[in-house]
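Please model the entire structure based on the sequences and the hints provided.
Protein chains: 4
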Amino acid sequence: MPYSRTVELDGHIIDSGKMETSFRVIMDMGGSFEVEEFNIGRKKTETSHARLLVEAEDEETLQSIIHELHQNGANPANPIDATLESAPEDQVVPTGFYSTTNHPTEIRYDGEWLSVEDIEMDCAVVVDDGDDPRAYTKVLNAVEEGDMIVTGNAGIRVNPPDRPRDSEGAFGFMQGGVSSERPSESTIRKIAGAIEETKREDGNVLAVCGPALIHSGAREDLAALVREGYIDMLSIGNGFAVHDLERDLYGTSLGMDTEELDHPRKGHKHHIYTISEIIRAGGIEAAVEDGLVESGVMYECVKNDIPYVIAGSIRDDGPLPGTITDAIEAQDAIREQAHQADFVMMLSTLLHSVAVGNCLPSTTRTVCVDINPATVTQLVDRGSAQAVGMVTDIGTFVPILAEHLFDERE
Amino acid sequence: MPYSRTVELDGHIIDSGKMETSFRVIMDMGGSFEVEEFNIGRKKTETSHARLLVEAEDEETLQSIIHELHQNGANPANPIDATLESAPEDQVVPTGFYSTTNHPTEIRYDGEWLSVEDIEMDCAVVVDDGDDPRAYTKVLNAVEEGDMIVTGNAGIRVNPPDRPRDSEGAFGFMQGGVSSERPSESTIRKIAGAIEETKREDGNVLAVCGPALIHSGAREDLAALVREGYIDMLSIGNGFAVHDLERDLYGTSLGMDTEELDHPRKGHKHHIYTISEIIRAGGIEAAVEDGLVESGVMYECVKNDIPYVIAGSIRDDGPLPGTITDAIEAQDAIREQAHQADFVMMLSTLLHSVAVGNCLPSTTRTVCVDINPATVTQLVDRGSAQAVGMVTDIGTFVPILAEHLFDERE
Amino acid sequence: MPYSRTVELDGHIIDSGKMETSFRVIMDMGGSFEVEEFNIGRKKTETSHARLLVEAEDEETLQSIIHELHQNGANPANPIDATLESAPEDQVVPTGFYSTTNHPTEIRYDGEWLSVEDIEMDCAVVVDDGDDPRAYTKVLNAVEEGDMIVTGNAGIRVNPPDRPRDSEGAFGFMQGGVSSERPSESTIRKIAGAIEETKREDGNVLAVCGPALIHSGAREDLAALVREGYIDMLSIGNGFAVHDLERDLYGTSLGMDTEELDHPRKGHKHHIYTISEIIRAGGIEAAVEDGLVESGVMYECVKNDIPYVIAGSIRDDGPLPGTITDAIEAQDAIREQAHQADFVMMLSTLLHSVAVGNCLPSTTRTVCVDINPATVTQLVDRGSAQAVGMVTDIGTFVPILAEHLFDERE
Amino acid sequence: MPYSRTVELDGHIIDSGKMETSFRVIMDMGGSFEVEEFNIGRKKTETSHARLLVEAEDEETLQSIIHELHQNGANPANPIDATLESAPEDQVVPTGFYSTTNHPTEIRYDGEWLSVEDIEMDCAVVVDDGDDPRAYTKVLNAVEEGDMIVTGNAGIRVNPPDRPRDSEGAFGFMQGGVSSERPSESTIRKIAGAIEETKREDGNVLAVCGPALIHSGAREDLAALVREGYIDMLSIGNGFAVHDLERDLYGTSLGMDTEELDHPRKGHKHHIYTISEIIRAGGIEAAVEDGLVESGVMYECVKNDIPYVIAGSIRDDGPLPGTITDAIEAQDAIREQAHQADFVMMLSTLLHSVAVGNCLPSTTRTVCVDINPATVTQLVDRGSAQAVGMVTDIGTFVPILAEHLFDERE
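Chains as they are written, first to last, in my numbering: chain A, 1 to 410; chain B, 1 to 410; chain C, 1 to 410; chain D, 1 to 410.
Note that these hints are calculated values from the structure, not bench results.
Each hint can be trusted.
Put simply, identical chains are the same to the list, so a pair is met inside one copy or across any two.
As a list, the in silico EDC-like pairs of lysine to aspartate or glutamate whose alpha-carbon atoms are at most 16 Å apart: (1) K43 <-> E55; (2) K199 <-> E228; (3) K138 <-> D90; (4) K269 <-> E60; (5) K269 <-> E120; (6) K43 <-> D28; (7) K269 <-> D122.
And the structure:
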């Protein structure tokens with residue numbers, strides 16, 4: 001095979017699976033390889049180093065292989081500076097631009113490695129020239145004419161986090177997939193521990209919540225978690241907010257006790273009435289301040305200055321005032337939350353969890369909880385080494401989580 | 001349409017859906033009808049009465065319609081005695097034998113209505129002649145030559161229980177389907193209430209359990225429910241028992257703490273070793289008596305004289321001594337449990353729940369819990385008016401149920 | 001019970017379930033009733049008539065019951081004109097406004113019944129005064145100050161379509177729920193028949209499609225259906241369009257044969273590159289006209305002037321030019337499609353199907369196809385009497401559907 | 001760590017994942033290691049060799065680690081003969097007996113390596129002494145007093161098949177998990193190719209079928225596959241057989257056309273009548289020979305001398321004559337089928353597929369088809385390197401498979 005290039009792997013390259021993945025990528029894509037050098041860590045605490053000569057029949061295939069290896073942390077040897085090209089128009093990137101992974105990434109610029117700021121997947125990398133050069137990500141639609149964009153694969157270093165190597169630490173548990181057959185209570189206790197650890201380190205906890213959380217009766221416990229300071233940001237849709245407010249407005253005022261399960265009818269009318277009442281009041285904050293709304297998750301957010309993003313979608317009724325109906329604007333708001341988060345809980349929502357997940361670096365610890373295994377698998381598979389999935393009932397998960405957190409504190 | 005017969009409906013025939021179902025059956029099957037008489041209960045406490053003339057193009061269609069109406073509680077007017085024919089051979093029923101529903105059923109014999117004993121679905125009805133005539137069910141393979149078997153539709157009265165008419169009582173809640181979006185904790189509290197009611201009335205609680213219950217960490221709480229007298233009978237498979245025993249034998253002896261989730265490997269070896277150890281000990285009872293097994297669900301059953309049935313299946317390893325490997329014998333053992341049960345909990349097992357469900361009359365209160373909505377739907381749809389389904393995590397369900405039951409008692 | 005009102009039911013009120021539902025509603029909500037008059041259709045072709053006196057302990061409960069009965073087609077006796085109130089501000093409706101169902105609805109105005117135009121659920125009804133008075137729906141956020149809005153329940157007639165009474169016709173099949181255990185090929189043939197019937201009657205077929213359709217290999221057959229005139233409108237998201245275009249741009253250009261399944265990697269890069277290329281080309285239409293895109297569903301839409309709506313969502317990459325990123329604008333575009341559709345196929349997308357379903361009157365025939373039973377159930381349960389659900393693999397459904405339609409035509 | 005042992009790995013130990021797994025096992029279980037030797041295959045066609053010194057704090061931990069490594073193909077260096085101990089009683093194995101994997105395994109006996117015959121998982125290995133020594137598996141309940149059983153880990157070599165290294169061959173496709181989002185038709189064509197290849201090599205195809213296959217309308221196509229010689233053995237339950245026969249007996253005789261979907265009622269009566277009729281006829285073979293049954297899968301099996309096993313279960317009605325009701329006997333019959341099979345199709349049944357899968361060596365090519373992803377995942381995860389999963393509708397899968405096979409032949 002006439003076309004070749006050398007790549008290097010470093011770290012726990014065998015037990016992290018990098019070596020295996022690299023071999024597979026090359027073979028799957030029709031290339032071949034020689035191992036030019038291989039120094040194995042002789043003990044489990046030592047790292048390894050390998051250098052592979054990758055070969056392919058044509059340059060295009062070689063490029064594809066190198067690109068793919070790259071995504072998995074095999075970086076070209078003898079690095080040169082990254083290639084930069086200017087964006088020809090707003091929202092138009094140069095051909096062959098480098099599309100990011102969600103792993104920590106560096107760009108070689110002027111012989112130095114710049115860490116790419118705000119790394120998230122599927123972005124272009126823009127390099128700002130100057131005395132203090134910076135590299136950072138931009139989504140396609142934010143690209144502006146003249147932005148210097150990284151193209152090709154040269155001068156780029158991707159560093160996927162090693163998967164945890166032992167069972168120590170809060171996220172050493174539950175490696176290897178998604179299952180409804182794990183010990184549920186013990187798992188929830190571990191998650192509670194990870195939240196406590198995050199809070200002890202002054203980290204930010206972001207909760208991404210779907211309406212099923214309200215239906216399944218977990219509203220009061222989630223509101224308590226907000227009130228008690230365990231949740232620092234909320235990322236939701238219009239549906240979640242409406243259901244939460246509806247419980248306040250109609251769960252009580254019509255004399256029905258939702259605890260007793262004898263709400264006679266689904267009362268879809270209340271849903272639409274709630275929206276109407278909140279519009280009339282001038283929005284959620286106004287409704288809380290005026291005393292119209294007196295309990296619930298939104299109430300606690302307003303009362304405790306917990307910021308929330310309500311991202312609109314095409315299935316919304318209403319929507320409530322404050323809902324960001326433009327998808328691009330909503331993504332920007334979600335992106336800001338995601339970049340500030342140290343710990344993310346994705347609770348019974350696929351749409352919003354995917355949106356948040358798209359903006360997360362692979363190093364942010366994430367817990368996905370849903371009763372549908374397919375949803376959990378889809379979220380956990382999106383490439384975070386730190387994602388933990390749990391298939392359980394959100395209506396029992398949140399109360400048990402709250403119990404562990406509150407017990408611990410006493 | 002030249003062929004016709006008259007049927008009668010009594011009770012809450014509109015709000016129970018009987019009337020609607022009857023009309024649909026007739027139309028779906030190609031017949032027609034006239035309403036000869038209809039007296040509607042004018043208030044919600046009054047019953048109604050209707051008499052329909054059912055017509056069809058041919059006798060065979062008419063028969064099919066009448067049969068189907070019958071299953072739904074529309075009984076032929078002007079009853080005559082049921083037709084009885086002798087079984088020609090062992091396991092061979094007369095052509096046109098009457099195949100039972102799981103609803104309370106009466107047979108007209110000598111001008112009197114005999115209540116059919118041990119009603120369950122898909123059986124033949126045998127009538128014992130004599131001074132004190134009896135009617136009772138037999139499954140096909142239990143039929144003996146010479147048994148007098150009911151054939152045709154004449155002289156048979158089926159009485160489906162009215163669905164609950166209001167939201168009172170333990171099972172007035174959760175009518176209308178299966179969902180994971182109900183308030184989970186409130187629902188579990190209601191189920192706890194129904195169990196307490198059953199125990200207050202000296203009723204028997206049968207728990208049908210699958211291995212997921214052990215995997216998901218609910219073993220200790222189920223064992224406590226057995227110990228504290230909330231469970232009177234256990235219906236399980238070999239897998240459940242082995243997993244329960246394995247936790248005792250290997251959860252401790254190898255120094256691993258299953259609570260900490262750091263059991264390094266699935267340890268399938270332990271599964272097969274457990275079976276081997278119990279065989280060596282001479283069975284579960286012997287293993288408990290000898291002190292080999294010191295905790296868990298099986299342990300509590302042995303210590304508290306709670307009878308259990310271990311029904312074998314083709315996917316079993318082993319099996320453990322005491323497992324009933326013959327399906328017919330196992331069904332007989334399950335049948336006996338089912339007939340004694342006043343309240344049945346089906347916990348995370350489809351196979352065993354279907355087997356138990358096949359033997360239950362439609363009047364036995366039943367709760368089906370599984371994380372898979374399809375499983376819950378399948379179980380609840382099998383025709384019991386008293387079945388309640390809950391889509392939740394068995395690993396959080398059992399602990400919360402136990403908490404409610406134990407709290408209540410204090 | 002001191003508070004009472006009289007309601008009337010007409011039509012096939014027993015076999016359609018209206019009578020049963022009415023009784024249950026009253027009892028569930030704590031009221032009682034007397035049947036003042038009941039004339040039953042004596043034959044299956046005759047309609048019935050009932051008059052009920054509904055009673056409750058207080059006016060509020062009575063109102064709720066009457067409202068709920070109303071939604072199910074039990075209309076108040078002795079109708080008076082509907083109450084109209086002026087909207088106090090933009091987007092603010094009068095308190096107690098009437099929130100619509102998706103059933104055909106009439107408003108009594110000046111002693112005449114006005115049919116409500118463009119009926120869909122959860123809207124306000126606006127009445128335009130004048131020589132030729134009209135009533136029509138408006139969603140909350142479209143309400144303008146001064147709009148005359150219907151409030152209360154008086155003067156409103158809701159007419160839920162009778163469920164099909166026999167097995168005739170294209171949609172007489174598959175009543176009663178969602179299952180993966182129906183004869184798949186026969187069902188698909190029936191759906192093909194319903195599409196042909198729609199086309200013969202010059203009706204419009206709207207296809208709502210999710211990305212799984214492309215992944216599962218049904219792209220070429222769906223493109224053929226568009227080309228051959230079986231699909232008149234397309235409702236999709238950005239993901240569907242990108243996947244479709246990516247197959248065209250990268251399925252071929254890199255020499256990979258997607259038919260052979262040996263696409264080595266997911267090639268997420270291609271996804272983002274596709275968006276970039278289409279942006280560069282100036283949009284989908286431009287990309288087709290310029291010859292950049294030469295096949296696929298979007299290609300056929302452009303070439304055959306089939307209108308499509310691409311509704312944005314927060315999980316989108318890009319998005320493609322032409323995607324409507326504002327949820328309200330997207331809903332308006334979807335609403336227009338929905339109102340023109342005579343037959344809707346919802347193919348492997350929950351989000352877009354719910355959005356379309358929200359705008360459909362209950363009389364539009366709808367088929368929901370998904371491999372996830374929960375998705376199908378959720379869509380079919382949204383209240384259309386004409387919705388048929390099929391749990392199957394979209395990757396085999398579309399090819400078999402196309403085969404039936406093309407065979408039929410020859 | 002004072003306790004240590006040396007193990008060796010050979011083959012494609014990196015790209016097959018063996019090396020990674022070995023490292024992880026040691027670390028997960030609390031041990032440590034040194035890489036004493038590592039010769040990497042420099043090209044993709046060369047194999048690698050590694051020697052690890054495994055260390056642990058105590059002998060028990062070391063044993064557990066060595067055992068676990070063993071299961072993954074890391075074999076102890078400097079092999080000695082396997083330890084043999086005599087079974088003390090029927091069904092009782094010596095303590096510490098070696099429990100098999102489903103991978104090809106060798107036992108060192110008298111300095112020679114004996115290949116273990118009929119390898120399947122969770123068995124004991126019995127060695128027959130004599131001039132021509134043999135090693136073979138026995139399930140626990142088949143062990144007889146005096147059998148010489150392998151204990152411990154010494155003298156045992158496990159050889160997990162390398163996972164396919166490239167995309168060549170019928171099973172090179174679809175590596176890496178289970179998904180409903182693959183191209184369905186292309187995948188089915190590949191499966192058809194694998195069946196043809198098996199038949200060209202005079203291999204045996206075993207079909208394991210559940211009742212959903214009949215409900216979903218695939219009966220006629222499966223019957224055709226049997227008739228045309230594509231299926232050599234059938235492994236089913238009572239339910240499958242009854243449904244198949246019921247279609248023959250009542251699908252036609254009552255004048256209902258199942259193709260038209262207008263079977264008015266589920267007709268559960270027909271199910272029980274079918275069983276009764278077949279019992280009366282003296283069994284399935286007799287019913288076919290007498291002309292009572294004239295079509296379907298069972299009919300084709302009888303007519304074409306295709307052997308079938310009907311394994312009983314506790315949810316069966318009846319059962320039909322010929323059903324093996326004892327689970328142990330049924331497993332023995334299934335085991336015989338499994339050992340003869342070269343290609344296994346698991347079609348819409350979890351119970352029977354698990355039972356067959358338990359008896360399969362990891363080298364048998366297996367396809368699992370179900371509409372429920374959880375079922376497919378569970379089956380594919382059971383350790384076969386050759387298992388392919390497909391999430392699709394069995395009612396469209398079988399017709400398309402048959403079409404491909406029949407087309408190909410013409």
